[in-house]
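**Student:** The task is simple: from the sequences and hints, build the whole structure.
Next come the chains, spelled out residue by residue.
2 protein chains.
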Amino acid sequence: MKLYMNRDSGNSYKVQVLISLLKLPCEQINVDFATKQHKTPEFLKLNPRGEVPVIEDDGTVIWDSAACLVYLARRHGGGQWLPDDAAGMAEVQQWLALAATEGQIGLQYTRRGLKLGRWTAGTLEQGHAVGRVALATLENRLKDHDWLAGDHPTIADVACFAYVETAPESKLPLEPYPHIVAWLSRCKALPGWPAR
Amino acid sequence: MKLYMNRDSGNSYKVQVLISLLKLPCEQINVDFATKQHKTPEFLKLNPRGEVPVIEDDGTVIWDSAACLVYLARRHGGGQWLPDDAAGMAEVQQWLALAATEGQIGLQYTRRGLKLGRWTAGTLEQGHAVGRVALATLENRLKDHDWLAGDHPTIADVACFAYVETAPESKLPLEPYPHIVAWLSRCKALPGWPAR
Numbered sequence: 001m002k003l004y005m006n007r008d009s010g011n012s013y014k015v016q017v018l019i020s021l022l023k024l025p026c027e028q029i030n031v032d033f034a035t036k037q038h039k040t041p042e043f044l045k046l047n048p049r050g051e052v053p054v055i056e057d058d059g060t061v062i063w064d065s066a067a068c069l070v071y072l073a074r075r076h077g078g079g080q081w082l083p084d085d086a087a088g089m090a091e092v093q094q095w096l097a098l099a100a101t102e103g104q105i106g107l108q109y110t111r112r113g114l115k116l117g118r119w120t121a122g123t124l125e126q127g128h129a130v131g132r133v134a135l136a137t138l139e140n141r142l143k144d145h146d147w148l149a150g151d152h153p154t155i156a157d158v159a160c161f162a163y164v165e166t167a168p169e170s171k172l173p174l175e176p177y178p179h180i181v182a183w184l185s186r187c188k189a190l191p192g193w194p195a196r
Numbered sequence: 001m002k003l004y005m006n007r008d009s010g011n012s013y014k015v016q017v018l019i020s021l022l023k024l025p026c027e028q029i030n031v032d033f034a035t036k037q038h039k040t041p042e043f044l045k046l047n048p049r050g051e052v053p054v055i056e057d058d059g060t061v062i063w064d065s066a067a068c069l070v071y072l073a074r075r076h077g078g079g080q081w082l083p084d085d086a087a088g089m090a091e092v093q094q095w096l097a098l099a100a101t102e103g104q105i106g107l108q109y110t111r112r113g114l115k116l117g118r119w120t121a122g123t124l125e126q127g128h129a130v131g132r133v134a135l136a137t138l139e140n141r142l143k144d145h146d147w148l149a150g151d152h153p154t155i156a157d158v159a160c161f162a163y164v165e166t167a168p169e170s171k172l173p174l175e176p177y178p179h180i181v182a183w184l185s186r187c188k189a190l191p192g193w194p195a196r
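So the sequence lines, in the order shown, correspond to chains D and C.
In terms of our numbering, the first sequence opens at residue 1 and continues consecutively.
In terms of our numbering, the second sequence opens at residue 1 and continues consecutively.
Since the hints were derived computationally from the structure, they do not count as laboratory data.
Any given hint might turn out to be false.
[To be verified] Mimicking DSS-like on lysine-lysine, the simulated pairs with C-alpha atoms at most 25 Å apart in a straight line are: (1) D:Lys36 <-> D:Lys115; (2) D:Lys2 <-> D:Lys36; (3) C:Lys143 <-> D:Lys39; (4) D:Lys45 <-> D:Lys2; (5) C:Lys39 <-> D:Lys143; (6) C:Lys143 <-> D:Lys45; (7) D:Lys39 <-> D:Lys2; (8) D:Lys143 <-> C:Lys45.
**Tutor:** As structure tokens, then:
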């Protein structure tokens, strides 16, 4: 299996986490943002959306971090990381959606704006308003549950972790969210959870 | 089953489409945006994110449009609308993700901005740049496929349809995307596809 990724990309890190948790052999290929390698015709053939991560596994090509997580969980995860039943699978999907919308706009885009000066979806204040919806929704869940979906870790946790951990880099400190802070520690204590 | 929805919400419409295609009995409950009913403590108990749609089915509560689609497809759809195998399921997930990020930011938020004057994630120009990524990615897929995932309609099509159809209301005309226009017609011709 090949993973096209970038070392600064939290969306790539999500997939690296699951690959490590599942102990899957994988060649990691760094896609250089400085030379805009993710926008070259060659890369756009792999992912017309022009983003990392992308995985290639036995000829199957999957783009988008959540789609990669679903693929790996379903193919290699034995049901633990993505439940098979309708309600359990949908519960995970709720958090994949939160990560893709509020997590991306509120936590990632503000972080990128502050780091690189690229503001593609609103101002810092607008991003913070969206980011606080993500954090409040997570805190509300975690105040009486250890994990985001069901009673054990799933790809919901893997998908949300990446940009929640870096919320302080978006100037959203995590002190007001003690249950999120405890959950981040629980995630990092899982056997095989890789350092960033 | 109950569906908490709003008549002006494309995300609600996605779920209404699948309920209609699957011919499921369902009580539709309109959530009034004018009185901010979706932000009341009572509604936030159903969905702490404070948004429609939400479904309630035999005591199971699911928020987020994509999560509702996954739930209904998996529980009531018999495998057609969400494939069971890893690659097929992940292929659908790619388009759920595109709908949640580029579709939401680029197509829905610009539409809401133009309609209601609420700009929560960037300017019209920024939204258009993101919206064009969504449309170009869809057009690229549809130039040689009838459906977004696999060779038959799935919840990928249902999830992407809603805000692509209204792209002209976001001042993104669809004439440059003839394969998208043909696909919208194919969707609407499916037995049970409901009018908006």
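**Student:** Hey, Lys143 (chain C) versus Lys45 (chain D), does the alpha-carbon distance stay inside 25 Å?
**Tutor:** Roughly 14 Å between the alpha carbons, so the hint for Lys143 (chain C) and Lys45 (chain D) holds.
**Student:** Hey, Lys2 (chain D) versus Lys36 (chain D), does the alpha-carbon distance stay inside 25 Å?
**Tutor:** holds, 20 Å
**Student:** Given the hinted pair Lys39 (chain C) and Lys143 (chain D), is their Cα-Cα distance within 25 Å?
**Tutor:** The hint holds at about 20 Å.
**Student:** Assess, step by step, whether the Cα of Lys143 (chain C) is no farther than 25 Å from the Cα of Lys39 (chain D), and give holds or violated.
**Tutor:** holds, 20 Å
**Student:** Holds or violated: Lys143 (chain D) with Lys45 (chain C), Cα cutoff 25 Å?
**Tutor:** With Cα atoms ~14 Å apart, Lys143 (chain D) and Lys45 (chain C) stay inside 25 Å; holds.
**Student:** Tell me if the straight-line CA distance from Lys45 (chain D) to Lys2 (chain D) falls inside 25 Å.
**Tutor:** holds, 15 Å
**Student:** Does the alpha-carbon distance linking Lys36 (chain D) and Lys115 (chain D) stay inside the 25 Å limit?
**Tutor:** Since the Cα atoms of Lys36 (chain D) and Lys115 (chain D) sit roughly 17 Å apart, the hinted pair holds (cutoff 25 Å).
**Student:** Run the distance test for Lys39 (chain D) versus Lys2 (chain D): straight-line Cα separation, threshold 25 Å.
**Tutor:** Answer holds: Lys39 (chain D) to Lys2 (chain D) is near 19 Å, not above 25 Å.
Figure legend: structure checked against the earlier numbered hints; every hint is met.
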